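Enquirer: Sequence:
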Amino acid sequence: MYWRLSNLYFWFFALLGGLLPYWSLYLQDQGFSYLQIATLMATIQLTKIIAPSVWGWLGDRSGQRVRLVRFGALTGSLFFAGVFLEPGFYGLLLVMLAFTFFWNAVLPLYEVITLRTLGAQKEKYGRVRLWGSVGFIGAVAGVGGILELVPVQFLPWLLLPVFAGIAVSSFLVPSERGEVRERAPSGSLRRIITNPTVVTFFLMNFLLQVSHGPYYTFFSIHLEQHGYGKLPIGLLWSLGVLAEIALFLVMHRFTRRFSVRQIALGALGLSMIRWVLIAELTDEIVVLVFAQLLHAASYGALHAISVQYIQGFFGKHHHGQGQALYSGLTFGAGGALGAWMSGFLVEGFNTSAAFLGGAAALGLAIVITWRGLKPPPGDH
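Quick note on the working numbering: the sequence shown kicks off at 38 and runs consecutively.
You may find that some hints are simply not true.
Here are the computed lysine to any residue pairs in the SDA-like style, where the Cα-Cα straight-line distance is at most 25 Å [stated by the list, open to error]: (1) Lys411 <-> Glu261; (2) Lys411 <-> Thr237; (3) Lys411 <-> Leu401.
Computed spacing ranges between beta-carbons, pair by pair [unchecked claim]: (4) Val205 <-> Tyr127: 29 to 35 Å; (5) Leu131 <-> Leu186: 19 to 25 Å; (6) Arg290 <-> Gly125: 27 to 33 Å; (7) Gly128 <-> Thr231: 37 to 43 Å; (8) Trp94 <-> Glu321: 43 to 49 Å; (9) Arg227 <-> Leu393: 34 to 40 Å; (10) Gly303 <-> Ile230: 24 to 30 Å; (11) Pro188 <-> Phe327: 28 to 34 Å; (12) Leu72 <-> Leu393: 14 to 20 Å; (13) Gly125 <-> Val324: 35 to 41 Å; (14) Ala118 <-> Arg228: 42 to 48 Å.
None of these hints come from the bench; they were simulated from the model.
Quantities reported herein were computed from a predicted structural model and do not represent experimental measurements.
Virtual Cβ for every residue (Gly too), placed ideally from N, Cα, C.
Required output: the full structure, derived from the provided sequences and hints.
Expert: Shown next as structure tokens:
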């Protein structure tokens with residue numbers, strides 16, 4: 038089961054590895070403005086506001102999460118094929134919205150499947166999940182190397198084998214028994230989401246993802262403007278994920294030594310430093326390498342403790358909805374707002390201004406986290 042669980046993570050994040058570093062460069066090549074690029078990139082996050090909640094609710098009600106994962110993987114791939122029609126800005130916007138609505142069903146459902154399959158061995162989650170990072174790195178390096186040889190307009194064709202990998206691997210996960218959840222106590226979800234610590238947790242992650250908006254939307258364009266080629270750009274993206282893998286492997290040592298509050302505050306502070314370095318010292322390759330290593334803090338550490346928060350606060354009755362809210366309110370709303378706002382900053386000023394805006398969002402996140410974050414139930 039270890040390899041069956043790891044396989045879908047590998048292909049799902051391989052698609053992200055092909056999309057995130059190069060899709061903005063593809064859109065720039067197609068002649069779109071910075072604000073249009075930001076709007077199109079924001080759709081990747083925008084549908085996470087609604088899609089995970091819809092699919093999480095269906096998964097909790099039906100118990101058929103594996104079937105829903107397969108449906109999302111296949112339908113999302115079919116909608117992505119609309120890219121090949123070269124539909125213009127509004128057509129591409131519709132294609133991206135439809136594709137991501139189904140594609141964003143996959144991960145939150147699959148996180149629940151993975152944690153339930155692991156059962157009492159939840160400490161193995163990091164080792165399963167790290168294969169997603171391996172897939173991301175492989176795709177970033179592979180696609181970046183090919184794009185040094187062929188024009189970026191061929192990017193959609195390079196992604197087709199990855200879509201096939203997602204579809205096939207979704208059928209390697211054994212079907213569940215279709216067990217429907219027990220009825221939750223009345224009003225229990227409302228009590229959870231109005232808990233001040235849970236509100237702080239969601240605000241912290243929302244602002245964290247706002248700060249990532251410039252990174253996921255304009256990092257490659259920012260580097261290209263400073264003279265970096267597509268393979269070096271890909272390798273810098275990969276370096277961030279390598280740091281994330283290394284952190285996943287040793288995260289259990291940090292959680293034994295530090296409280297989740299200390300980890301959160303430390304990670305937010307390092308993330309703020311990261312965006313300032315990228316904004317101001319892009320030409321210094323040693324500084325840029327160090328900034329990319331800080332991805333271990335800005336994504337890895339905070340995601341690892343967030344999984345604990347979802348499990349601790351939402352429990353078995355609302356695990357699917359908790360995962361969906363986490364994905365929707367933070368990666369979805371936060372990521373989309375950050376991407377869109379970065380478009381205005383780049384259009385009005387430059388790419389460095391967008392990264393400094395991300396650092397400002399993290400300053401606010403640090404204040405909120407310092408004042409309100411407490412450990413999840415069962416943690417100290």
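Enquirer: Please work out if Lys411 and Glu261 have their alpha carbons no farther apart than 25 Å.
Expert: Cα-Cα ~41 Å, so violated.
Enquirer: Does the Cβ pair Ala118, Arg228 satisfy 42 to 48 Å?
Expert: This hint holds: roughly 44 Å between Cβ atoms.
Enquirer: Could one say that the CB atoms of Gly303 and Ile230 fall in the range 24 to 30 Å?
Expert: With Cβ atoms ~26 Å apart, the hint holds.
Enquirer: With respect to the beta-carbon atoms only, verify the hint that Arg290 and Gly125 lie 27 to 33 Å apart.
Expert: The hinted range 27 to 33 Å is violated for Arg290 and Gly125, with Cβ atoms some 51 Å apart.
Enquirer: So does Val205 sit 29 to 35 Å from Tyr127, Cβ to Cβ?
Expert: The hinted range 29 to 35 Å holds for Val205 and Tyr127, with Cβ atoms some 33 Å apart.
Enquirer: Can the suggested window of 28 to 34 Å be confirmed for the beta-carbon pair Pro188 and Phe327?
Expert: Check passed, 32 Å falls within 28 to 34 Å.
Enquirer: Has the hinted range 35 to 41 Å been met by the Cβ atoms of Gly125 and Val324?
Expert: Given about 40 Å between the Cβ atoms, the range holds.
Enquirer: Evaluate the given range 37 to 43 Å for the C-beta pair formed by Gly128 and Thr231.
Expert: Once the Cβ atoms are compared, 41 Å apart, the range 37 to 43 Å for Thr231 and Gly128 holds.
Enquirer: Check the following: the C-beta atoms of Arg227 and Leu393 are separated by a distance inside 34 to 40 Å.
Expert: 38 Å, holds
Enquirer: Does Leu401 lie within 25 Å of Lys411 when you go C-alpha to C-alpha?
Expert: The given pair, whose Cα atoms are some 17 Å apart, holds under the 25 Å limit.
Enquirer: Given the range 14 to 20 Å, decide if the beta-carbon distance of Leu72 to Leu393 lies inside it.
Expert: Holds, since Leu72 and Leu393 (Cβ atoms, about 18 Å apart) stay within the stated range.
Enquirer: Does the alpha-carbon distance linking Lys411 and Thr237 stay inside the 25 Å limit?
Expert: 9 Å, holds
The structure is inconsistent with the numbered hints 1, 5, 6, although it conforms to all the rest.
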